[in-house]
Structure formats: structure tokens, C-alpha cells
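Peer 1: Take a look at the letters that make up each chain.
Protein chains: 4
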Amino acid sequence: MSINYTGPYKKGEIKKVVLAYSGGLDTSVILKWLQTAYGCEVITFTADLGQGEELSPARKKAEMLGIKPENIYMDDVREEFVRDFVFPMFRANALYEGQYLLGTSIARPLIAKRQIEIARATGADAVAHGATGKGNDQVRFELSYYALKPDIKVIAPWREWDLSSRTKLLEFAEKHQIPIAKDKRGEAPFSVDANLLHSSSEGKILEDPWQEADEMVYQRTISPEAAPDKATYITIDFEKGDAVAIDGVAMSPATLLTKLNELGKANGIGRLDLVENRFVGMKSRGIYETPGGTILYAAHRGIESITLDRGAGHLKDELMPKYAELVYYGFWFSPEREMLQALIDKSQENVTGTVRLKLYKGNTTVVGRKSPKSLYSMQHVTFEEDQGAYNQRDAEGFIKLNALRLRLRALGQGGPKS
Amino acid sequence: MSINYTGPYKKGEIKKVVLAYSGGLDTSVILKWLQTAYGCEVITFTADLGQGEELSPARKKAEMLGIKPENIYMDDVREEFVRDFVFPMFRANALYEGQYLLGTSIARPLIAKRQIEIARATGADAVAHGATGKGNDQVRFELSYYALKPDIKVIAPWREWDLSSRTKLLEFAEKHQIPIAKDKRGEAPFSVDANLLHSSSEGKILEDPWQEADEMVYQRTISPEAAPDKATYITIDFEKGDAVAIDGVAMSPATLLTKLNELGKANGIGRLDLVENRFVGMKSRGIYETPGGTILYAAHRGIESITLDRGAGHLKDELMPKYAELVYYGFWFSPEREMLQALIDKSQENVTGTVRLKLYKGNTTVVGRKSPKSLYSMQHVTFEEDQGAYNQRDAEGFIKLNALRLRLRALGQGGPKS
Amino acid sequence: MSINYTGPYKKGEIKKVVLAYSGGLDTSVILKWLQTAYGCEVITFTADLGQGEELSPARKKAEMLGIKPENIYMDDVREEFVRDFVFPMFRANALYEGQYLLGTSIARPLIAKRQIEIARATGADAVAHGATGKGNDQVRFELSYYALKPDIKVIAPWREWDLSSRTKLLEFAEKHQIPIAKDKRGEAPFSVDANLLHSSSEGKILEDPWQEADEMVYQRTISPEAAPDKATYITIDFEKGDAVAIDGVAMSPATLLTKLNELGKANGIGRLDLVENRFVGMKSRGIYETPGGTILYAAHRGIESITLDRGAGHLKDELMPKYAELVYYGFWFSPEREMLQALIDKSQENVTGTVRLKLYKGNTTVVGRKSPKSLYSMQHVTFEEDQGAYNQRDAEGFIKLNALRLRLRALGQGGPKS
Amino acid sequence: MSINYTGPYKKGEIKKVVLAYSGGLDTSVILKWLQTAYGCEVITFTADLGQGEELSPARKKAEMLGIKPENIYMDDVREEFVRDFVFPMFRANALYEGQYLLGTSIARPLIAKRQIEIARATGADAVAHGATGKGNDQVRFELSYYALKPDIKVIAPWREWDLSSRTKLLEFAEKHQIPIAKDKRGEAPFSVDANLLHSSSEGKILEDPWQEADEMVYQRTISPEAAPDKATYITIDFEKGDAVAIDGVAMSPATLLTKLNELGKANGIGRLDLVENRFVGMKSRGIYETPGGTILYAAHRGIESITLDRGAGHLKDELMPKYAELVYYGFWFSPEREMLQALIDKSQENVTGTVRLKLYKGNTTVVGRKSPKSLYSMQHVTFEEDQGAYNQRDAEGFIKLNALRLRLRALGQGGPKS
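Protein chains in written order, with full-length UniProt numbering: chain A, 1 to 418; chain B, 1 to 418; chain C, 1 to 418; chain D, 1 to 418.
Chain A extracted, bound-state conformation (with noise of 0.2 Å):
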């Protein structure tokens, strides 16, 4: 079988690779082709992002496919993917398109940087990652890359090969001596993407955005039909804008959101079946899990519901979906992304309290909520006697001149009509 090579670059022309590495059949076959393909030495790197795998058969993996151990690199980021990257994007209550929490396009900007520190403390000129050429990941790799090094290569090689079916990765693996798994010889029958925050399940028998997704799509959430009878309260602390207790035990940030994943799985929580529109133009059809992180996004939600003001809240509202955006598109790294950052980071100064939560078979419901930051005044809102606080005179000079401008408009040439 010869590879027919058709990408950007040139054989010969790469010296040194930094591959996004799993472990798994399709990322090994890549390490290998671009062994061939290219002709240059391949440097692995294997993330513990929390998908719930172990990294030692990977390590192993790689070693068998001949990469020198010290090319092989795995870390555990688990502390800083939530710390840096899921708190800052909870911060701004980030829903793509109204409803999806966005659990693998935080994870790609994450792996990215971490690939391109590796291709400069080992002088690869090199990045490579297994993404294919309809979906969003290849963009958020990229964009990465390229904003982090503007002069790095980047080898995409579901772009480039020829290896599009099944049949012809299998061949090509077997000639190769990669070792497949016996599962992984039928077709899956829909693609997984895991991480801390999430899984995501797409394609094959989900294509059909009328037919139900069967339950045993479902990896991390069990049912709100097989969850418990009985609700769960917890409570979750916050301190400007991040969680850090859970039922008043600190956590790290890794370990506080792995309990909540914990939480929600038992209760049925945090399970999305959406279709929605990738940067590439077209439409998809996703089932996502995100059982803690939905439990995350309604506690964030109700301790600002308390400690943010209203301007600053309605603001972050509006920028929100730009926000959304730019992380589905994979513009984490860039100007505008730090910009509205640096604006929600501003609101956050005094998020900080307790929220308590009812968890109960796919509900998760703020019951509570209190803090020493409160800018709610039970004085000033009360049916009761408010000992002056407020004027309700007042109102009627504020009523007055927001009518103004309604007023003159209708004096004027009609306005609306009764």
C-alpha cells in the first residue's frame, strides 16, 4: 500500500512531530503514517484530562510503535483544565446556542498549548493531532497552534491520507503491526469524546436527529428513570466565581468538580441531546453528558443570582453568547476571548457564597442561596414595614421619565396603536 500523500507539507520537509496521542487504534495509525509519510521522528503526548482512562497502556503502546521513551509524554492536567479553563468559562455562564455546555471544545486549547511547550522544549517544528476534516476540533487544534506559535507545521492527517474507510485503516494498521483490539475490528456504532467536564456522543446511529438516542448511548449518567427515589441537597461554596467546597469540604478544583460528576451521575443530571451548527457550516447532532458541570452551571448561576448586580449581569448576559462562540470556535487563544475574560473576571470580585442544591432525577433545583457579599435587602424588598428605605414615590418620578421619550414619540406621529 503506498501513501498517497497529498498534504501541505513535503516529505522530508517535517523534521520533528508533537502528536496528540491517545493510545488508541486511529491515533496510532497516524503515529505510524507519519512515521512513513513523513519521514520524521514522532514525539507522543498523552493527556490525563480526566476521560477515565488509564495513561500506562498508551505509554506502552507508543513504546511498541517504536517511539524512544523519551519522545513519550504524559501528564495529568486534570487541576489545570478545571482550574484554568472550566472555571474561567463557567464564570461566564457559557451556553453554545442556548444549551450546550461546551465540554470537549475547553479540553482542545488545553492540549494544544501543552503541544506546542513540548514542540519548544524538544525543537519539533511539528504538531499533528486526529481530528477529521468536518468537525470543529481540527479548527480548535489549529487555531491553537497557530496563535501560540505562528510558525509551527500542522499535519491533520484525516485531511491528507488516503486511509478514509474502515477497510484501509485496518489494512494499513495490520501492515503495520498495530495491535486492534478485538471490539474495535466491527465499526463503533457512534464516535465518544470524554473529558472531566464531559462525554459526548456522535455520529453513525445518531444521524438521525428524529430517532430517539438509545439509553446505552449514554456513558457517564445513568438514567432519571433508574436514579434514586429520594432527592440529594448539597451545598456548594463559591469564592469569586469558582466553586471550592462542596457541602462545606474544600476541594481542588479537580476533585471538587469529579465529586460533582459523582452527584450528578447518580441522579439522572446533565444529559443533552442537541443538534447544532459547527464552524465548518454545517448542522450536527450531538448527545452530551455533563453531570457535573450542569450541576456547576446552576449554583454559578444562583450565587450571582444574589452577589452580582444587575448591570453587571445583564451585561455578561449579552456578551455570553459571543463568549460561547469563540470557545466552540476554538478562539480561546485570542484577543477578543481574553478581552471578555478580563470583563466577566471583573464581575466576579464578589461572587462568593453558598448555594444549596435538590438533586432529584434530573433536576438539579437552587433552593437556597446566601452570602456575606449580598446585594439582596430583605429591608428594601419586603411586603412589610421597610422603615424608609424605600419610597414608593419614587417610582412614580421614575415612571414618569422612562415614559418621556414614549410619550413624545406617541404625541408625535402616533406610535403603537390601541
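No lab work stands behind these hints, which were simulated from the structure alone.
Check before you lean on any hint, since a few could be wrong.
Copies of the same chain look alike in the list, so a pair counts if it fits in one copy or across any two.
[What the hints assert, rightly or not] The calculated SDA-like cross-link candidates involving lysine to any residue, where the alpha carbons are at most 20 Å apart (straight line), are: (1) Lys16 / Glu385; (2) Lys370 / Ile287; (3) Lys322 / Leu95; (4) Lys204 / Arg166; (5) Lys230 / Met216; (6) Lys370 / Asp208; (7) Lys175 / Glu239; (8) Lys373 / Pro150; (9) Lys373 / Thr232; (10) Lys370 / Ala37; (11) Lys373 / Ile118; (12) Lys168 / Thr382; (13) Lys259 / Thr232.
For chain A, the structure is supplied; the task is to place chains B, C and D on it using the hints.
Peer 2: For chains B, C and D alone, coordinates are given in the frame of chain A:
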């Protein structure tokens, strides 16, 4: 007891006033107070907005309080309410502060509009409402009044009179032979507003945002716990953004929303415990129940997900918070709301098709969507061979040019650091 | 010389192509190259957009290059251009990056639309344009083609051929008997685009953004220095947002813009030296001359200032940058541009009246505005006695309630420090 | 003459008040009225904001009116004004309603802040200002007061007293031995506000928006007609978004703005005749002169044009109207303004370099820009051979994927019609 009148108009300045009259104790006191304080003729307007109460007792009570039959106006405005107010708002996916479906806000402009129509028809020079001086409703009523009839005189008794305590109010009622229902003798433990879209409860026992709301607060939904253990599946058909049928059965707007309310109620759907920011500047806590609206919101997002272009959808999402704010603040009859509506309605021309939903113990899940206008292209998105519909190599150019400015930035000055 | 064709289509795949043809050297070379490289029938389309050149030479040249008379299309689209493209855009007060009146951008969708119409009429399967691979125009043409006819084949010779140097281009022209005007032998010192709205100049001697543009670059305006020492005063009448008369004389859209161009030119108005951001990711420097458009922009803002409600105007202002970006990027025929247009057009219903302007040596100053729909209320604004139109005491309540959230913030946590 | 006091506070409720005192007739009357109506101790605060008047006469007058020397505060706040208020605002390119450089608006928060500081230092429980009940300034002062010290008492004499006619005011002055300058006997033909950034004139003879403003209205600029026939060229250096030098000479913020004012004045630059929308709901007409600010605005846009990334710039442009609205309305000390400022300041980190400008008879033209941080890449943009910096073939994929959703739309349902 003397009326210590300190309002903006003097006795004698008002000839005829159209009062938004519910038939309850408070608006009956207002009715009498208007006659006493201003010496003016009172016209009552009572609307059936689907609040779930008979109108006939209100008529009887008005007559008993001396209102002439020709001065008693009662209208069933449920279809107008859903068709001209609720549906246009749901086309926008409006959520105030990310969560509230605006059930109270959207009813006020309609009531105000009818009051103004009646004022025009009867030659009344004033209108009055029963909203307090601390809330949003006074603003919503009055901005609508002024926008529709800029020279109208507005009376807001709660901001003017000295009947601010329950005792004084009951004293006044007794003195003027206003019947007091036994259960109104004591103070209600919280205050309720209801219409076909929702019920809201607030005040008194709900004022502490750390205290979970008692089950007895909920008026219109059973709890998720009490809902059936088996899911209910339904389909909703949409035409140009509006729901037109449930399970294939065509229904008028109000009939459809009524049916969705039943489905929502039965499945424990649509409860919300929220601290929100009022337009008058304070935070307040409300318990909202929007059973049908919650289903409708999810279904509308679902049908848009396959029929709305990405550019259209993202623009809508960015403008939604502004739209929701306008509705919440009371600017329904403002040019900017009308402009946004024109934009939104333009986007809905092809939002036609069918959504399938699963209702289960508080959860509303879109599980299928189909449309003759679908923009979802299985041919493009498929993991399988796509017959050349999509050229993966295009992605390279797409990414390269999207990255160009990020690369130039990194070259010029560093950009983000890795 | 061989044609080294590397384009997306193969020879024989194209049967008939509609070329946007100016009659100049470059598009004549393209014409011949299309015939040679693709072996296809060529239809030429030449539009009079007010660029200030006769169309008849283009016809002669097309004939000379072997185009059949029935395949030569020439249209005077000046009225359509101003009425359906320029005026709707000016209703939005569109300025790209705060300064550019979008003169080139707005002409492309019209040319593309006519090409597609001709393709439909003649059964052509392809269209072609003479824009390069570095600029915005290729994007504007092609997005318009695809939006109007998604199965159209698009040929962009400058991205495909190997005639990238001037020498090769002239060689090709000579070989194919394409006449070369004497002044086209040498390289032009910069590149020009023109239509009724503006002229743009860029490239070559203008590429260094630190160097002031030479006076000889300006095509369509005299310099402020050369303009008369005495101001010219004019009035412009508007109806529903569009200019309809100058000095009381009603004119068609194109006639009116032509007249404004004369007035602007004579007074040294409308020059702009700008570095802007292209959609393809790089910055470029252009010299723009928009004499009539500059006056029209000022006048439109002037008439809006007394006829547009504040809420309407501020919403327009917030959305303008997005609208301008869409036009600049080439998304004229996109749902989001159409949605914004619906919003904008809704706002213009009462933008009717008269503006008086002073034109003097590069300055355009609105010095008067009046309207039967005016929202300006002298009675309210006056420093004199206002007969009770405005109650200054209302301002107290207005301020108090606007301040409430700021006070609660300061009480709760400090807020800004003094 | 009795003081018919109807204000929010009663005599005796105010102990000590800090008055924003100009030394003019109006604020002298206020000073005396405060003493009389409230029987309180008055502290005067007079600021040198660059309004072009000596402060010492204000001191003398205050003393003469019985203010103890230790209660007279006078500050030269010009540097603080430009550094902490004007420059941050210019980083945003703020224009209210597309045109107004916010010269009055931006001065109010500083005065308010100093009043509150003095109140804290002296134990005063109240502040007072001389703004009327119809304008924006009352809002700007009072929102700032309340945001900085939520329990402060605010006195706005113009909304409270009965000295609403000129005659009554003069009577009061005479009765209390307040000296009246001869030229203040008659009514001024219009009202003026001035500081280092601008002068504004409004009211009286300017109230008819159809009447051109008389030349005598202009205070601070010569007319374009009177300006030199020869252009003046200058350079301005920027560092992180702020101007730091003119013609290579480093200057402090206030010195620099003063110098720009001279340059602007001499060249007839910075006049604006505007009808704008006040926050209190009415339209008003103002004549603004912002000579230095107009130059600064153009120069800042110029330096941004080569140093600011497109994504950053477009985000700034979209948010600018909101920022300008906040400043105009008086929300300088609000969380949302601070959040926007954080975003804007983040964008300015590399806005460093030099702009060359041509000043000529009212025109300010950027004719050159250069920067060590420039993002302008001559190599990429050139019409000449670019050494492979840019691959024109990338544009095809870029366009194809940008077009994909438009094509799917056209396929699915028609989209725009050609």
C-alpha cells in the same frame, strides 16, 4: 377615617377612571377609594387571562359596589394573550436573567392596552391599577398606558394612599361595606399572580432566599416526586415559529397552551425558584410555575435547531437578553421592542416542522425533530462516505485564513504565551 | 505557453460561464483564459454601476474576443444599485471599523446577483470574477453566488492560474491577440475600484501606511485646499429614511447620489485614508473617496436626530458594527443581514423631514433639521417656563431608583472607592 | 421673601453640606440658599478642570459669603481629569449617538468624587450641586454620589426651590448681598459648560434645531473659514492606548490635551452641532467644541488601525455605544462601566506607536501610522510577490466553508431570491 391624599392629581381633576379590577379585596378597596378620594366615576375592567378564576363574581361585586352595568367591562382575552403576546415572545426564546419565562411581565401590556381602549370608548380621562410602588408591574402598566395614550392620567393608589397596613385596609373595607372573605381576614403567607402562562408567588414567607420554598407554595404543578414514574411522549408541530398542534391535533393558541399546561402540571414540569433583579433597583425572590411554557420553550429551541441558520440563530441569541429585559422592564410598546420583533419574526419564516418531546418528572427533553424546511444535511455531516458533498481539504484553507490574524499577532508582539 | 491549470474544476467540467467583465485588460485575459483552460462558452456581463466609464468599448472588445452578441450582457444598474443596496445600507448608518462607508463592498452583491440571473436565463453552469485571492471581493462575489444558487460552479482565475506576474499576463495577452492599451504596458502605481458611491485606491505606492498618499491618488474629489473659499448650503429631504430631494427638487436615487457626488467633489468632501482589517485576515491600507455618501451619511444622522426615538437609535447604533461587518465580509445575502435590515427598516418609518447642511473645504456640517414627525419638543427642553410639560421633581425619583442598585452595592461590599 | 421649601429633607436634618461651587452667580445663590433653607454649614468645593477661569475669585467670593477659610476647598484636578477620566474614555473611542465626545459627561464623576472625599474628610452629611432638574448633569452627579457613599444626603436646589425665574433669583441675590456682575443682570443668550476637554453651549437662542448657530456661540475654536490656508502636520505618540507625546515631545496628560486644544482651535477643528437624546427622556440641541479631543479621537483610531487585532477592534466597536451611553447617563461608577473598562484596557496593551496627522480648516486627517507593535504585514498584503507568505488557494476553502450554511439554506428552502 380620612383619606390623606397626597397623589399627583387633586380631587375633581379626574372625571372617569378605568380600573383594572380583579374582584378581589384589594382592587375592591381601590375601587371605593377612587370614588372617595377623587370623587370620580369608576369603570371596571376584568380580563380572563386564564388565571383560573370565574369572572362572574367580579361582576357581582362591582355591581354591589355601585358600578353601573354599562361601566363593567369583562373580556375573555386568552386567545389574544397567547397569539399576540406569548407567542411573539416565545419566538425570541426570551429568558430574563437566563431563567425566567416572563409570565407576569407579558400579561401587563395587554391589560393596559384594553384599559386604554375602554378609556377611549368611554371618554375616561384616567386609568388605575392595583400594583404596588415597589414592584415591576406598576412600571409595565404605566409605560404601556403612556405609550398608547400620552395624555392619560394615571392613578396608582398603592403609591398614594395611607392604607399601607393590613389593618388600615380592612378598616377601610369595613367602613365602606366591602365584603371580606373569611380567608382574607388574616394575612396571606405570600402573594400570587396567575395567568394562562404562569403563576408567580412571592413575598412574606418567601422573602428569605436561603429558605427552601414550601411545597404548599406551588399552585399549578405537582412536584416531580408526585409525577408519574413513566414518561409521557408528545409531538408539537410548529409553523413559522408558532406551535400549532399537539400530537398532530391542530389547536388555537390558547387551547394549545392550556393543553401544554395540563401536560406540564401532570409531569411536575416548570417550577423555578429565582432571585431576580427588578427594574426599580432591588433584588427579589420569586417562585414561578410555567408548566406549558417550559415545554414550549424547549420545543421551540428544538425546531429552531434544524430549521434556523447559524447566523440567524446566533444573532437571535445575542439579542435575546435585550429583548427579555425590555419585556421585563415594561417596554413592550416601545420602538426598540418592535424593531427586535421585526428582526425575530423575519427569522421565523421557515421555523416549521415537528418536535418530539419526553416529559418525565420535571424533565422536558427534546428527543426528535424533523421538518420539510430542515437545514440539517445528513449527507454533509455523516461519518460515512458523503459522495463529495464536503471536501475536507477546504477546511485547511478555512483554518489558515481564520488563523492569519492570530499568527500575525503572535509574530508582532507575542500574543498569548505558551 | 501552457496553462498550468490547478483549479477545482477540470477542463470539460464547465460548459458555460458568466464572467463579470469590465472590458479592461485583466478581465479580457480572464475571458480568453476561461475559453482556453476550460474550453467553455463565455458570457460576459458588464454593469454600469456609475464607475464613470462608457460600456460600449467593453461590448466591442468582447465581440473582438469572439463572444457572440447574444452572449454579451450590459446593464445600467445604477438606480437598482442606489435604491436596493446603497440606500438600505445608509439607513443603518453603516461604517466599517468606525470609518469606512463600504463603497466597494456594497456593489459586489449586485453584480453577483445579476450574474446568477444571467446564468439562470442562459443555462450557464458557472460564474467567474476577476478578484484576487488576497482580497475581500472574492469572498463577497462567491458568498453571493452560493447563497443565490448553491449548485453554481465558481471560477476565480487569480487563485488558479499561473499568470501571477505582470510579464506573464502581458505575454498571455499578446499570444491571444488581446489589445493592450499603451498605458497598461507599465504597472499601474496603484489599483482602483469605482462605482457611483465611491472610488477606492490601494496597493503599490500606497502599501506603506506611514507614507502620506500623493495627491495624484485621488480620483474623484478635489482637495479641501482646492475647494472654494465660500461654503455651499444645501437641504436634503428624507422620506422613511431615504433621501428624496436636494434643495427641494425631487430626484431618483441614482440622480440624487450623482448630484451629491458633484457637491462633495466640488467641496473637497469624502476623502479617507484608512488601514482596515480584511476578512481574509490581514490589514490593508486604502484611500477612499465617497463624496456624496459622506454628505448623505451626515444628513441621515441629522434627520434621525430629531425623528428617531432614543431607544430605537441606541439599538441601531449597537447593531451597526455587526451590520457593517456583514456587508464588508460579503454576507449581504445572509439571513442575519436580512434580519438586521428588517429591524432597521422598521425604525425608519418616521425618519422623514429636511436637513440643512453646510459644505466647506472637506467639512460637512448639519446646521439645521426639521420634520413633521419631529420628536424634538421645544416645550419640554426649554430653559424658559414650560407650562408644566415637565415636572422637575420627577427627576428625583428617577435618579433615586436608578441609584438604588448602586447604593445597595456600595452598602454590601464597597463598590468603587472614593 | 420666604423660602418655600418642598424638598426631600427638612430644615435641621442637614448639618454640613459640600457644594460644588463655581463662584458664579447661580452657585453663590445656592450657597446662600443652603444656609437659609437648611440652616446648615456650607463647604465649598471649586475645581480647576481646565475651564479657563481663575479659581481665586471663587475663594474671595466664598469668603465674602461667610464661608470659613477651612471650609473652602479648591483643587487643580486637571491631570487627574485627563489621566483617570478622559484617557480611559478615549481608549474606548467613545462617541455618544455616533458623534458626541462626551466632554461634559466625563467631568461630572470627578467633581462628585471629590465632593464625597471632602464630605468624608469633614464629616459632612450632604452634598449639593447646581444642575437643573431637566438635564443629565443632575443624574451624573447624584448617581456618582450614591455609588460612592450610599448614605449621603443629596440636595439639588434647582429641583426644590421656587427661584425658578431670573427675576426671583436676582431678588434673592440682592436681598442676601450677593454681588451681581453687570453682564449677569440680563439673561445670557445661551448656557455654557467648559472644561479642559470641551465647551458646550445650549438653550435659549439655540433651542430651535432648524436655526443655524450663530458664530458668536463658539467659545473655544475659530471657524474653519478663519483658520490658516496652510495645513499643520503633527505626530502623536501613544503608549498602551494613551497619548504621551506631540511631535516627539513627551508631555503629561493635561499638558498634552492643552497643546492639542491649541492646535485644534487654531485650525478650526472640533465643532459639532447636535440634537441628542437626554437620559431624562427629551431631545436637546447642543453646540460642542472639542478641539483637542477631536484630534485625539482620530489619532487613537489611527494607532489602533495598525496595532489592534481585528477581533479585538470589532468587539470594541460593538461595545462602544453601550460604554458611551453609560458615561453619558452618569454610570461612570457602575460595575458595568468598570467591566467594560477592564475589557477595553486589556485590548490596549499593544496600542503603542506614532500617528501623523494633517490639520486643516476643520479637517483632521490621519496620513501616516507606524508602530513597533504593528500588525500590518506588508509582506502579506502586497500586490507583489509575497514569498509564500500567503497561499491564495487557502481562500477557496475559506470561502467554501463560510458559504456552506448559505448553500444549505438555499437548497433547503430557497433563501434569497435572484
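Peer 1: Would you list, in rising numerical order, the hints stated earlier that this structure does not obey?
Peer 2: Of the numbered hints given earlier, those the structure breaks are 1, 7, 9, 10 and 11, listed in rising order.
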